[in-house]
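Number of protein chains: 2
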Amino acid sequence: MSAEEKRGLNKVDKLAVIAGGGDLPRKLIKSCREDNIELFIIAFEGNTDIETVEGTDHIWTDLGAAKKNINALKKRDIKHLVFCGSIKRPSFKGMKPDWKAARFLTKVGLKALGDDGLLTAVRKELEKEGFVFHGVHEFMNDVLTPKGVLTDTAPKESYLEDIKTGFRISQEIGRLDIGQSVVVQDGIILGVEAIEGTDALIGRAGGLAREGAKNKPVLVKTCKPQQDKAMDLPTIGVKTVQKAAEQGFAGIAVHAGMSLMVHKDAVIREANQSELFIIGLDDPNDDES
Amino acid sequence: MSAEEKRGLNKVDKLAVIAGGGDLPRKLIKSCREDNIELFIIAFEGNTDIETVEGTDHIWTDLGAAKKNINALKKRDIKHLVFCGSIKRPSFKGMKPDWKAARFLTKVGLKALGDDGLLTAVRKELEKEGFVFHGVHEFMNDVLTPKGVLTDTAPKESYLEDIKTGFRISQEIGRLDIGQSVVVQDGIILGVEAIEGTDALIGRAGGLAREGAKNKPVLVKTCKPQQDKAMDLPTIGVKTVQKAAEQGFAGIAVHAGMSLMVHKDAVIREANQSELFIIGLDDPNDDES
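Residue numbers (the working numbering), protein chains in the order written: chain A, 10 to 298; chain B, 10 to 298.
The following block holds chain A by itself, in its conformation from the complex (with noise of 0.2 Å):
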């Protein structure tokens, strides 16, 4: 896709980016830069990096601060949202919510607090003012996960089942709202992802793993089905990979197109080096009737 494709299809000319930790926040506004889109930067004190609003219109501020958000956006007269970057869930005690956000918090209450609920919520919330949100991969090019292996190793063929069951399984977490990521061997389920993290997962399923069975582990982790691309995309990156290497793990099995894969170059060279698969899929129970 071209710039103007970009600049065409999005038409968007002012754009906010709602910026979490991690350098995806710095390179979608090197993205956007690039397509000559104005851009705002709404950073969190403790989540983003001090050098991702350097050189843009932006302001600190905290994840219960709705109003002053809101005015900030109102104010620039930016419609268009982009939510990026890893946001820490955040605790009662660490969060000061202004009136706004301590009503939308008590209408939404307890129920919404999942990951997905509460991310849906949010955004409601903010269209009922206005506000259209948009994908990360709307303003960079290549950033989704491709389909098909992305690696000198495939799967074997014996890989193939528990790659199966790992995304159906890894499906049904997710309809749930616990989590994306769950670890496969032989069939069996050795962990699922709540709000641990997947690196946490890694490390615990690899200490799980049983010697002498025809498969190494597989990581699977996949969109939820309910989730929306505009939203938290599923990420897999170099760390993920350095983790699974060092527990023996055969390979990644990524939900292509629904997720993101953000340093494409540096993940598939640091599979490569340890002889992992990476495999981007579509939900291979599809196939079935």
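Heads up, some of the hints might be wrong.
[Claimed, not checked] Heads up, simulated SDA-like pairs for lysine to any residue below, C-alpha to C-alpha not over 25 Å straight-line:
| # | chain 1 | residue 1 | chain 2 | residue 2 |
| --- | --- | --- | --- | --- |
| 1 | A | K223 | B | F113 |
| 2 | A | K105 | B | G221 |
| 3 | B | K23 | B | I46 |
| 4 | A | K225 | B | A209 |
| 5 | B | K223 | A | W108 |
| 6 | B | K223 | A | K173 |
| 7 | B | K76 | A | G221 |
| 8 | B | K105 | A | D195 |
| 9 | B | K116 | A | N224 |
| 10 | B | K116 | A | L169 |
| 11 | A | K173 | B | E181 |
| 12 | B | K116 | A | D195 |
| 13 | A | K109 | B | E220 |
| 14 | B | K252 | A | K109 |
| 15 | A | K223 | B | L127 |
| 16 | A | K105 | B | D195 |
| 17 | B | K88 | B | K156 |
| 18 | B | K116 | A | R177 |
| 19 | B | K223 | A | E54 |
| 20 | B | K252 | A | R184 |
| 21 | B | K252 | A | L217 |
| 22 | A | K225 | B | L128 |
| 23 | A | K173 | B | D195 |
| 24 | B | K225 | A | I96 |
| 25 | B | K173 | A | R184 |
| 26 | B | K116 | A | S167 |
| 27 | A | K248 | B | G216 |
| 28 | A | K223 | B | T129 |
| 29 | A | K225 | B | G206 |
| 30 | A | K165 | B | L114 |
Just so you know, these hints were derived from the structure itself, not from any lab.
Using the hints, position chain B against chain A.
Quick look at chain B alone, frame taken from chain A:
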């Protein structure tokens, strides 16, 4: 239930105890002796405690020795079986299947190697040969978790929502044959048990608990919907309570009538000392229509 009633109910004169680790098999054996049931123990090297077999007719065997085990039962004219105690999941390397076990494993294939899938397959295979399966609770008084609050501390009103959420998710996880336990705090699933066991789950989830939250974490452990009472019922022991107390949990919710609490008095004493609640309940989501 009196011994006579139990005898009458079960009409079991001879019983084979397929005994794993822990002291549940010894308690079962003691209870059967009091009821004058003739016993035979199949003990597994590396799993069953040596003291379990003392003074009772037994063989030491291997999980893969299907033919030997079946012959031992037939020679003694035993039809009634009870599975009891913990069995470490065998690795392919560690298992030495005889031709009968190998044929069985080839037939059920990898897909059946989830906990529940494997046990069900073994059961079906043995039922075809005329064996009858029983649950330990048929031979022991007062071993199933009763309904209601079992401790001095009752769960506060604000915990009911988390207990409900935990019950629902635990049942879903069970239906997928992943595991039996989840930890919930303020509507968030802190962790899901796969093969790591309940103690490891409690340890990890304690570290992920959110500070300043309204509720402390709660462990919810339920019986898989497709599970059969004669097989592998979820168990809560003194160690579970100790671990939960260490990690700052508020309490434990377990499946009434569908889980075992073998040392009930000791379990409740431990919970009272730490001011934890233990509640036995049917699916609280059943009340809603």
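Results for each hint:
no. : hint               : result
1   : K223(A) to F113(B) : holds, 17 Å
2   : K105(A) to G221(B) : holds, 12 Å
3   : K23(B) to I46(B)   : holds, 6 Å
4   : K225(A) to A209(B) : holds, 22 Å
5   : K223(B) to W108(A) : holds, 19 Å
6   : K223(B) to K173(A) : violated, 39 Å
7   : K76(B) to G221(A)  : holds, 24 Å
8   : K105(B) to D195(A) : holds, 18 Å
9   : K116(B) to N224(A) : holds, 19 Å
10  : K116(B) to L169(A) : holds, 19 Å
11  : K173(A) to E181(B) : holds, 19 Å
12  : K116(B) to D195(A) : holds, 15 Å
13  : K109(A) to E220(B) : holds, 23 Å
14  : K252(B) to K109(A) : violated, 40 Å
15  : K223(A) to L127(B) : holds, 17 Å
16  : K105(A) to D195(B) : holds, 18 Å
17  : K88(B) to K156(B)  : violated, 33 Å
18  : K116(B) to R177(A) : holds, 23 Å
19  : K223(B) to E54(A)  : holds, 24 Å
20  : K252(B) to R184(A) : violated, 30 Å
21  : K252(B) to L217(A) : holds, 20 Å
22  : K225(A) to L128(B) : holds, 23 Å
23  : K173(A) to D195(B) : violated, 33 Å
24  : K225(B) to I96(A)  : holds, 23 Å
25  : K173(B) to R184(A) : holds, 18 Å
26  : K116(B) to S167(A) : holds, 17 Å
27  : K248(A) to G216(B) : holds, 22 Å
28  : K223(A) to T129(B) : holds, 23 Å
29  : K225(A) to G206(B) : holds, 21 Å
30  : K165(A) to L114(B) : holds, 22 Å
Checked against the numbered hints listed earlier, the structure breaks hints 6, 14, 17, 20 and 23; every other hint is satisfied.
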